[in-house]
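**Student:** Assemble the whole structure, with the sequences as input and the hints as a guide.
Protein sequences, first through last, are from chains A and B. Mapping the first sequence onto the numbering used here, position 365 (from 1) lands on 534, and the numbers just tick up by one. Mapping the second sequence onto the numbering used here, position 54 (from 1) lands on 112, and the numbers just tick up by one.
Quick caveat, the hints were computed from the structure, so don't treat them as lab data. Don't take every hint at face value.
No farther apart than 25 Å at their CA atoms in a straight line, the calculated lysine-lysine pairs in the DSS-like style are these [to be verified]:
1. A:Lys185 - B:Lys66
2. B:Lys71 - A:Lys185
3. A:Lys171 - B:Lys66
4. A:Lys407 - A:Lys558
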Amino acid sequence: MKWLVTLWQTLNTPAKYLTLGSISLTAFIMGIIFWGGFNTAIQATNTEEFCIGCHSMESKPYKELQETVHWSNHSGVRATCPDCHVPHNWSRKIARKMEASSDVWGWFFNTVNTDEKYEDKRLEMASREWGRFDRDDSLACKNCHNYDSMKWDEMSKLAQKQMKRAAEKDQSCVDCHKGIAHTLPDMGTARAPELIAEVGTGPSKFTNEQNYFSALTKPLFFSSNGDVEAGTLNVATKVKVLETKDNRVKIAIEGWRKKMGAGRVIYYDFGINMLTAQLSKDAAKTEGVINAFEEKEDDMTGLKWQRVESQLWTDAEYLITEQQPLWDYARDTFRSSCSVCHTQPDEAHFDANTWPGMFQGMIAFVNMDQDTQALVQKYLQQHSSTFVKEKH
Amino acid sequence: MTAKQVKKEENKKSKFKELRALGFIIVVLFPVLSIFAIGGYGLIIWLIQAFGGVVAH
Numbered sequence: 170m171k172w173l174v175t176l177w178q179t180l181n182t183p184a185k186y187l188t189l190g191s192i193s194l195t196a197f198i199m200g201i202i203f204w205g206g207f208n209t210a211i212q213a214t215n216t217e218e219f220c221i222g223c224h225s226m227e228s229k230p231y232k233e234l235q236e237t238v239h240w241s242n243h244s245g246v247r248a249t250c251p252d253c254h255v256p257h258n259w260s261r262k263i264a265r266k267m268e269a270s271s272d273v274w275g276w277f278f279n280t281v282n283t284d285e286k287y288e289d290k291r292l293e294m295a296s297r298e299w300g301r302f303d304r305d306d307s308l309a310c311k312n313c314h315n316y317d318s319m320k321w322d323e324m325s326k327l328a329q330k331q332m333k334r335a336a337e338k339d340q341s342c343v344d345c346h347k348g349i350a351h352t353l354p355d356m357g358t359a360r361a362p363e364l365i366a367e368v369g370t371g372p373s374k375f376t377n378e379q380n381y382f383s384a385l386t387k388p389l390f391f392s393s394n395g396d397v398e399a400g401t402l403n404v405a406t407k408v409k410v411l412e413t414k415d416n417r418v419k420i421a422i423e424g425w426r427k428k429m430g431a432g433r434v435i436y437y438d439f440g441i442n443m444l445t446a447q448l449s450k451d452a453a454k455t456e457g458v459i460n461a462f463e464e465k466e467d468d469m470t471g472l473k474w475q476r477v478e479s480q481l482w483t484d485a486e487y488l489i490t491e492q493q494p495l496w497d498y499a500r501d502t503f504r505s506s507c508s509v510c511h512t513q514p515d516e517a518h519f520d521a522n523t524w525p526g527m528f529q530g531m532i533a534f535v536n537m538d539q540d541t542q543a544l545v546q547k548y549l550q551q552h553s554s555t556f557v558k559e560k561h
Numbered sequence: 059m060t061a062k063q064v065k066k067e068e069n070k071k072s073k074f075k076e077l078r079a080l081g082f083i084i085v086v087l088f089p090v091l092s093i094f095a096i097g098g099y100g101l102i103i104w105l106i107q108a109f110g111g112v113v114a115h
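**Tutor:** Laid out in structure tokens, this is it:
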């Protein structure tokens, strides 16, 4: 402690021996040395060699990049890690460096040191990076790419249309171009976590003879405890609970089926291709699983339809009491996903039998898991011109 | 030891003290402070971005 006091005393009195000139000269020179050194050090952390110094960076994202056009192309320009992942502006670069210091923890605690751990975290890491691109309208891309420099004539008609619209809005590139430099995270396997967060998993106790709605696509079973699947129940489908046993409920599914083949697909209503449930061949053939009622012929197709009711078991979860939350979630998803690239058509612009074709044609352009896909398609059908009569 | 010699000795001592203080400040203290200041500046920008969204660029 004494040295600190001595130091303070020395610093607090005018210099007796050092001249003002020598003090300011040393300070000036040290300033230059420090600033040069600092920026050289920052620059050193902004190189590819530095980035792939960690095994997890070298083995996954760097290898993936080498398969893409950002690695080698006609013009011989290569994008290295910091070109896209570190802002070029000095202040923001420093901020990014501070943020990236948390990666040191990841390295220290082996957060993504194996292939498996990396894949588990891929969606989280990618989402963070997409968020960063979102915030500044993909400035990292636009440091090299420019809407004004695009050769429109050489693009396909479809590309021209999409690109020109994007150029007008100065749209963020990663809105559409995700997974172009590294592998796209698998977003189809996790079962719609956002949807379930919104609508819940359903009640823990069910009332017999009351209607419920499926919040996910659910497997159907022959009995209350067997493992043999009898088919799947589509999302957002109305079912009546008949009884509860073990961890399953017996449900009644109503609808219409086409009288052809095994007739194992149950639709929402006569002449409407809106999925309610798909039974396995065995289930459709099993006595008592499907009860058939009156028949009607569809004039348009000449097909005979038959009203049916099926009774099967399903797990006592993801059955919710109201349908509206499902539609609310589907509407938001439809509006946000589709409007990224184009003005989405009105729900009632097509009829219930046209929507599936339209929707399936576009689904490749967005990242939507299977359950959400099925839900949005059903939402569109249910709110199509078939049911909303006042429009079209 | 004469009084003159004592004074000389003290002068030598305080000259060393001054040099040491200057060296400490410009080689250790100020660089460290600067790095903290720049780091803090970066941290603030990062936080503004994280909570405030878009920044001018």
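**Student:** Are the hints correct? Go through all of them and say.
**Tutor:** Hints versus structure:
1. Only pairs whose Cα atoms come within 25 Å are accepted, and A:Lys185 paired with B:Lys66 is accepted, the gap being roughly 13 Å.
2. For a cut-off of 25 Å, the pair hint linking B:Lys71 to A:Lys185 stands: about 12 Å separates their Cα positions.
3. A hinted pair counts as satisfied when its Cα atoms are at most 25 Å apart, and A:Lys171 with B:Lys66 qualifies at roughly 24 Å.
4. Of the supplied pair hints, the one linking A:Lys407 and A:Lys558 holds, its CA atoms being roughly 22 Å apart against a limit of 25 Å.
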